[in-house]
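J.: Sequence:
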Amino acid sequence: MAVSSVITVSQLNFYIKSLLDESPALREIYITGEISNLTDHYRSGHIYLSLKDDKALVRAVMFAGNARHLRFKPEEGMKVIARGRVSVYEATGQYQLYIEDMQPDGIGALNLAYEQLKKKLSAEGLFSEDIKKPIPAYPKRIGVITSPTGAAVQDILNILGRRYPIAEVVFCPVLVQGENASAQLIDAIERFNKANAADVIIIGRGGGSIEDLWAFNDEKLARAIAKSDIPVISAVGHETDFTICDFVADLRAPTPSAAAELATPNMTELLSYFKSVKDSLPAIMQRRIDFEKQELDNLASSKVLLSPKGFINIRKNELDMLSADMIKAFKAILSENQREFVALSAKLDALSPLSVLSRGYSIVQNKNKVIKSAKELNIGQNIMVKLSDGKAECEVNAITLDEKG
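The opening residue of the sequence shown carries number 749 in the numbering used here; numbering runs sequentially from there.
If you are wondering where the hints come from, they were derived from the structure by calculation, not from laboratory data.
Quick caveat: nothing in here was measured; it's all calculated off a predicted structure.
A couple of the hints might just be wrong.
Said to hold, decoys possible - With a straight-line cut-off of 16 angstroms between C-alpha atoms, the simulated EDC-like cross-links for lysine to aspartate or glutamate are:
1. Lys968 x Glu872
2. Lys975 x Glu877
3. Lys827 x Asp802
4. Lys1123 x Glu1151
5. Lys1051 x Glu1009
6. Lys975 x Asp853
7. Lys880 x Asp947
8. Lys1115 x Glu1143
9. Lys888 x Glu916
10. Lys942 x Asp977
11. Lys800 x Glu824
12. Lys1117 x Glu1151
13. Lys821 x Glu782
14. Lys975 x Asp935
15. Lys803 x Glu782
16. Lys821 x Asp788
17. Lys821 x Glu967
18. Lys1057 x Glu1040
Can you make the complete structure from the sequences, with help from the hints?
T.: Structural data, given as structure tokens:
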């Protein structure tokens, strides 16, 4: 082998990379396959994966700059169509597909993204009826978030003016489609809440394709609606159009016009109701007066008012009887207590030392100490003998112990 033909590994990889990069057939290719070995680096935003069919596999990467434009979330086992270029990663010599765009194979990317987000938010409970806020029956201020140029705003304003002209309408114009639409919608909701500028908010637009309505399928917008302290009515598109906002809003209206009707009472019906109430007030008042008059007549004809002296005498007799019964019961209790006292006194007397002395017994003491045994005495000792009716000072002349002592 000639020395001039020897190249390094780096040179080889660079040469192969150059061949692939310069190949018109590999600069932009479309490839279909099933996703496997999916790794989504959340910090960098890059997506690493493999595409495979039943016979082969190719490694692929989608860098963050392209990945952030995806309308759906790639999943393991998902069949996709990827557009990109083939090149070599020189450090390892691994050839791979550098994906610039990717779409689900079969179902559209937007439809898939819609279903994925719907499933995610539903699992979090954001669609639950338990967290939805009630729509006020008589709002003083109605917030409207929509395009200033579309037909939706005119429909809403016309119906609000006709049905409930006493309400103040606070209009916040925004984009309703395009790249910046969802950010403006979110900002409008947050500003309404921060300023507490409305009692209820209508957010929506007229009909259109799924692409036109896509701003209302934004995850951040859905969370802003769920977080709103002010109740939100979603009115996006036509009756058959459903967006994520419709599910997370406190109330879904099929059209912007319907939203205006749901947000307000009918002023004509209210005035008719008030008129009927006003017309019925005299009859209601008369019925109340008649009822109270009858109650007064019943009181006036009662025995208490017709014969108060007799009523007092009856109550006096009842009081006298109660007093007599109470005195009788008190005497019975007192007599029983006296009997118990006498019996207890007799028992105490029987146990008293004085009672024992009265039966001929005595208490012998030496210097105020009670003598309990003959052994405690000495010949010639002076002692005090206490009797029932007095005491005597004695001198011990003799001591005789009994057999037990």
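J.: Which of the listed hints are broken here?
T.: 5, 6, 12 and 18
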